[in-house]
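J.: Sequence:
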Amino acid sequence: MERIENRIARITSLAIRELYNSGENPENIQVKSTRKDQKGDYTVVTFPLTRISRKKPEETGTEIGNYLKTHLPEISDFEVVKGFLNLILADKFWVDFFNGIAGDLEYGHKPVHFDSPVVVVEYSSPNTNKPLHLGHIRNNLLGFAVSKIISAAGNHVIMVNLVNDRGIHICKSMLAWQKWGYGITPESSGIKGDKLVGEFYIRFDKEYKIEIKELISKGLSEEQAKVEAPIMKEAQDMLLKWENSDPETIELWSRMNSWVYEGFDKTYQQLGVSFDKFYHESETYKLGKDLVTAGLDNGALFRKKDGSVWADLTSDGLDQKLLLRSDGTSVYMTQDLGTAHQRFEEFQFDRHIYVVGNEQDYHFKVLKLVLKKLGFDWADKLYHLSYGMVELPHGRMKSREGAVVDADDLILEMIDTARKVSAELGKLEDFPVEEKELVNYRIALGALKYYILKVDPQKTMMFNPEESIDFNGNTGPFIQYTCVRIRSVERKAIEMSVKSGFGLTSDLELDPRESTLLKRIYQYPDILEEAGRSLSPALVANYFYELVKEYNHFYQVCPILKEPDTEKRDFRLALSKFIANHIQDGMGLMGIEIPERM
RNA sequence: GGACCUGUAGCUUAAUGGAUAGAGCAUCUGACUACGGAUCAGAAGGUUGGGGGUUCGAGUCUCUCCAGGUUCACCA
303 MERIENRIAR ITSLAIRELY NSGENPENIQ VKSTRKDQKG DYTVVTFPLT RISRKKPEET
363 GTEIGNYLKT HLPEISDFEV VKGFLNLILA DKFWVDFFNG IAGDLEYGHK PVHFDSPVVV
423 VEYSSPNTNK PLHLGHIRNN LLGFAVSKII SAAGNHVIMV NLVNDRGIHI CKSMLAWQKW
483 GYGITPESSG IKGDKLVGEF YIRFDKEYKI EIKELISKGL SEEQAKVEAP IMKEAQDMLL
543 KWENSDPETI ELWSRMNSWV YEGFDKTYQQ LGVSFDKFYH ESETYKLGKD LVTAGLDNGA
603 LFRKKDGSVW ADLTSDGLDQ KLLLRSDGTS VYMTQDLGTA HQRFEEFQFD RHIYVVGNEQ
663 DYHFKVLKLV LKKLGFDWAD KLYHLSYGMV ELPHGRMKSR EGAVVDADDL ILEMIDTARK
723 VSAELGKLED FPVEEKELVN YRIALGALKY YILKVDPQKT MMFNPEESID FNGNTGPFIQ
783 YTCVRIRSVE RKAIEMSVKS GFGLTSDLEL DPRESTLLKR IYQYPDILEE AGRSLSPALV
843 ANYFYELVKE YNHFYQVCPI LKEPDTEKRD FRLALSKFIA NHIQDGMGLM GIEIPERM
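Heads up, the first sequence is in the numbering used here, so the first residue is 303 and it goes up one at a time.
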């Protein structure tokens with residue numbers, strides 16, 4: 303069915319033709335939701351139309367308003383304020399709308415067909431030399447939520463993770479473990495695998511710094527010292543051994559990586575994120591060389607005297623970019639060219655989204671340009687979802703120095719806080735231990751996820767571990783609570799054998815709180831579509847916050863089960879039930895679960 | 001230095017070029033013996049970093065300056 307905004311625009315266009323004998327495309331007519339502090343549901347902005355009517359805004363608004371009122375039965379009245387024509391819709395419109403959607407558990411979703419667009423979302427993509435931290439949390443939550451949202455918006459989504467499991471960094475951890483590990487394992491120490499490996503990475507850096515200091519005191523420059531430090535040379539030797547498939551090195555490498563994966567799995571599980579497919583750099587790092595060679599042959603790329611291969615991007619306002627070293631080995635960019643190509647062959651995707659921090663803006667700009675240079679038109683389908691860094695009160699996180707908010711620690715802290723608050727409120731006293739823990743977990747993760755996802759992805763966000771997470775106000779638990787309370791009313795209704803009703807109530811007179819809610823709900827499909835288009839879970843978060851606030855206003859003044867008029871009572875119960883389902887579904891898009899009770 | 005991003009109440013943040021810039025936290029004042037008070041009603045808090053331009057209309061577009069961040073490796 304045609305959206306009411308479009309209908310208003312279309313009829314307004316007819317009004318202009320009839321009243322002023324002039325044409326104006328419906329697309330050019332601004333119809334928007336009326337501001338909260340004004341009377342009305344939808345507003346036609348008439349400022350721009352005065353140029354056609356050649357009359358004052360007020361007069362133009364009144365004339366068009368009269369026309370709309372007689373030609374659109376849904377419009378019960380209108381009001382003109384300056385250049386704004388505020389239209390009031392009849393209750394019947396909202397009640398009919400509700401009757402059409404009341405039973406829909408996935409309201410607003412577009413179905414995914416076999417020929418729906420295919421979207422690959424790459425996110426998480428960790429290094430295996432250190433555990434996940436707060437920055438990864440934002441990445442993971444964004445990647446997962448965006449995937450769910452575009453899936454609900456009618457796309458076939460494939461979530462992938464490209465694990466960086468090779469390179470000098472993992473060799474550093476391996477070397478430190480050999481030197482100072484004395485055979486320690488996660489099993490022998492009880493330390494989570496990724497944490498254990500991370501500790502050796504930090505240990506390497508510590509020893510490395512000591513060696514640099516010593517060399518500088520012996521008269522070397524800092525740059526020389528960094529290169530000459532024996533421990534760094536050892537690490538580089540190890541990388542060489544790895545590349546030459548030295549059995550002992552490979553064995554240690556796969557052993558330590560397996561520790562890390564076990565650790566990551568636990569963290570992913572706690573965060574509730576998942577992937578359809580994993581890629582490993584150890585298997586992809588040689589990809590892309592063929593593409594570069596081909597580009598060299600057809601003149602898209604060029605070779606310098608020392609044998610290195612470059613792309614010239616100066617005409618695009620960028621620099622020259624190295625693609626193959628003089629010794630013929632490839633760099634990170636080369637591999638990304640290769641994996642993009644591989645994935646296009648594999649999925650024939652319509653869109654490929656990389657969820658990667660904005661510190662790599664340059665990298666992805668170059669990636670697209672080079673692919674285009676190489677003649678791949680599908681480079682336009684690549685999109686870098688560039689999100690802002692997470693900052694702490696004392697500045698940026700530095701993982702080598704251990705100055706990070708660890709993902710697991712943060713989650714534990716959140717659960718701990720949830721426990722304390724629950725205990726203070728005394729809400730869960732009669733719950734079985736298991737349910738109590740589950741509820742605290744869901745509240746904790748709900749708070750964390752909502753807090754991070756409600757911020758526009760592009761923006762740098764501030765995170766104060768002590769103060770940031772609240773359970774009141776614009777928070778996950780606030781939304782969860784509203785839903786849980788409705789569920790409680792539903793249980794009560796069953797006890798009282800009250801049944802929710804819809805479908806027979808077209809003549810119902812609505813309370814303003816009810817029509818406000820219905821108006822909000824009516825907007826949801828547009829919100830979801832926009833969130834999918836702009837890849838912003840924040841839009842979904844904000845929508846549900848507004849909805850929940852409005853529901854709480856309603857709940858405060860409109861009795862549900864105590865309402866004497868049974869038709870009203872049944873309608874309110876049905877509306878509440880719908881909203882609970884709606885919240886549950888929408889929060890699900892952000893990976894937030896609703897407890898049964900809380 | 002070049003390129004890109006960000007600047008909104010004390011703090012965390014909203015606002016497809018539209019009306020008096022909207023919330024939450026913190027602060028202050030209130031709510032029937034609760035269909036669940038992790039709620040609700042209210043007060044106070046702003047020159048949207050500064051200045052010019054475009055427009056009937058600018059937090060939003062444009063130019064410039066200021067502040068902060070990221071990036072420009074034969075690292076990933």
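Any given hint might turn out to be false.
[Claimed, not checked] Calculated pairs, EDC-like style, for lysine to aspartate or glutamate (alpha carbon to alpha carbon, straight line, at most 20 Å):
#1 Lys579 to Asp682
#2 Lys338 to Asp379
#3 Lys394 to Asp867
#4 Lys870 to Glu898
#5 Lys371 to Glu381
#6 Lys670 to Asp682
#7 Lys579 to Asp599
#8 Lys674 to Glu585
#9 Lys864 to Glu831
#10 Lys341 to Glu811
#11 Lys357 to Asp339
#12 Lys607 to Asp629
#13 Lys794 to Asp732
#14 Lys338 to Asp393
#15 Lys683 to Asp711
#16 Lys729 to Glu898
#17 Lys497 to Glu831
#18 Lys683 to Glu648
#19 Lys371 to Asp417
#20 Lys851 to Glu797
#21 Lys497 to Glu509
#22 Lys606 to Glu585
#23 Lys801 to Glu869
#24 Lys371 to Asp406
#25 Lys579 to Asp592
#26 Lys794 to Glu865
#27 Lys879 to Glu848
#28 Lys722 to Glu739
#29 Lys821 to Glu564
#30 Lys683 to Glu831
#31 Lys864 to Asp758
#32 Lys675 to Glu726
#33 Lys821 to Asp379
#34 Lys879 to Glu895
#35 Lys667 to Asp614
#36 Lys591 to Asp629
#37 Lys341 to Glu304
#38 Lys794 to Asp867
#39 Lys870 to Asp813
#40 Lys520 to Asp539
Honestly, the hints are just simulated from the structure, not real lab data.
J.: Hint by hint, note whether the structure agrees.
T.: Verification of the supplied hints:
1. Taking the CA atoms of Lys579 and Asp682, the gap is near 23 Å; set against the 20 Å cutoff, the hint is violated.
2. Taking the CA atoms of Lys338 and Asp379, the gap is near 17 Å; set against the 20 Å cutoff, the hint holds.
3. The hinted pair formed by Lys394 and Asp867 meets the criterion: a straight-line CA distance of about 18 Å does not exceed 20 Å.
4. Pair hint Lys870 plus Glu898 does not hold up; C-alpha atoms about 26 Å apart against a cutoff of 20 Å.
5. With a C-alpha separation of about 11 Å, the suggested pair Lys371 and Glu381 falls inside the 20 Å cut-off, and the hint holds.
6. The straight-line distance between the Cα atoms of Lys670 and Asp682 is roughly 7 Å, inside the 20 Å bound, and the hint therefore holds.
7. Among the hinted pairs, Lys579 with Asp599 is inconsistent with the structure: their alpha-carbon atoms are about 34 Å apart, more than 20 Å.
8. Distance restraint check for Lys674 and Glu585: the Cα-Cα separation of roughly 25 Å exceeds the 20 Å cut-off, and the hinted pair is therefore not satisfied.
9. A C-alpha spacing of about 38 Å is found between Lys864 and Glu831, which places the hinted pair above 20 Å, so the restraint is violated.
10. The straight-line distance between the Cα atoms of Lys341 and Glu811 is roughly 17 Å, inside the 20 Å bound, and the hint therefore holds.
11. With a C-alpha separation of about 27 Å, the suggested pairing of Lys357 with Asp339 is violated against the 20 Å cut-off.
12. For the suggested pair Lys607 and Asp629, the alpha carbons sit about 12 Å apart, so the restraint of at most 20 Å is met.
13. Note on Lys794 and Asp732: the hinted pairing holds, with a Cα-Cα distance of about 18 Å set against a maximum of 20 Å.
14. Taking the CA atoms of Lys338 and Asp393, the gap is near 17 Å; set against the 20 Å cutoff, the hint holds.
15. For a cut-off of 20 Å, the pair hint linking Lys683 to Asp711 is broken: about 38 Å separates their Cα positions.
16. At roughly 13 Å between alpha-carbon atoms, Lys729 and Glu898 fall within 20 Å of each other, so this suggested pair holds.
17. With a CA separation close to 40 Å, the supplied pair Lys497 and Glu831 exceeds the 20 Å bound.
18. A hinted pair counts as satisfied when its Cα atoms are at most 20 Å apart, and Lys683 with Glu648 qualifies at roughly 15 Å.
19. The straight-line distance between the Cα atoms of Lys371 and Asp417 is roughly 42 Å, outside the 20 Å bound, and the hint therefore fails.
20. A C-alpha spacing of about 27 Å is found between Lys851 and Glu797, which places the hinted pair above 20 Å, so the restraint is violated.
21. Taking the CA atoms of Lys497 and Glu509, the gap is about 19 Å. The hint holds against a cut of 20 Å.
22. At roughly 28 Å between alpha-carbon atoms, Lys606 and Glu585 are farther apart than 20 Å, so this suggested pair is violated.
23. Restraint check for Lys801 and Glu869: satisfied, since their Cα atoms lie roughly 10 Å apart, inside the 20 Å limit.
24. The hinted pair formed by Lys371 and Asp406 fails the criterion: a straight-line CA distance of about 31 Å is larger than 20 Å.
25. Distance check on the hinted pair: Lys579 and Asp592 sit about 24 Å apart at the alpha-carbon level, beyond 20 Å; violated.
26. Our distance criterion of 20 Å between C-alpha atoms is met by Lys794 and Glu865, whose separation comes to about 14 Å.
27. With a C-alpha separation of about 17 Å, the suggested pair Lys879 and Glu848 falls inside the 20 Å cut-off, and the hint holds.
28. Of the supplied pair hints, the one linking Lys722 and Glu739 holds, its CA atoms being roughly 12 Å apart against a limit of 20 Å.
29. Under the criterion of a C-alpha separation no larger than 20 Å, the hint pairing Lys821 with Glu564 is inconsistent with the structure, at around 47 Å.
30. For the hint pairing Lys683 with Glu831, the CA-to-CA distance comes to about 19 Å; that is within 20 Å, so the pair holds.
31. For a cut-off of 20 Å, the pair hint linking Lys864 to Asp758 is broken: about 41 Å separates their Cα positions.
32. Taking the CA atoms of Lys675 and Glu726, the gap is about 62 Å. The hint is violated against a cut of 20 Å.
33. For the given pair, Lys821 sits about 16 Å from Asp379 by alpha-carbon distance, which is consistent with the 20 Å threshold.
34. Annotation: proposed proximity of Lys879 to Glu895 holds, straight-line Cα distance about 17 Å (limit 20 Å).
35. Note on Lys667 and Asp614: the hinted pairing holds, with a Cα-Cα distance of about 13 Å set against a maximum of 20 Å.
36. Proximity of Lys591 to Asp629 is assessed by CA-CA distance (about 13 Å); at most 20 Å being required, the pair is judged to hold.
37. Between Lys341 and Glu304, the direct Cα distance comes to roughly 24 Å. Violation of the 20 Å bound is thereby established for this hinted pair.
38. At most 20 Å may separate the alpha-carbon atoms for a hinted pair to count; Lys794 and Asp867 meet this at roughly 18 Å.
39. Using a Cα cut-off of 20 Å, the hinted pair Lys870 and Asp813 holds, with the two alpha carbons roughly 10 Å apart.
40. About 24 Å separates the Cα atoms of Lys520 and Asp539, which puts this hinted pair outside 20 Å; it is violated.
The earlier numbered hints that this structure contradicts are 1, 4, 7, 8, 9, 11, 15, 17, 19, 20, 22, 24, 25, 29, 31, 32, 37 and 40.
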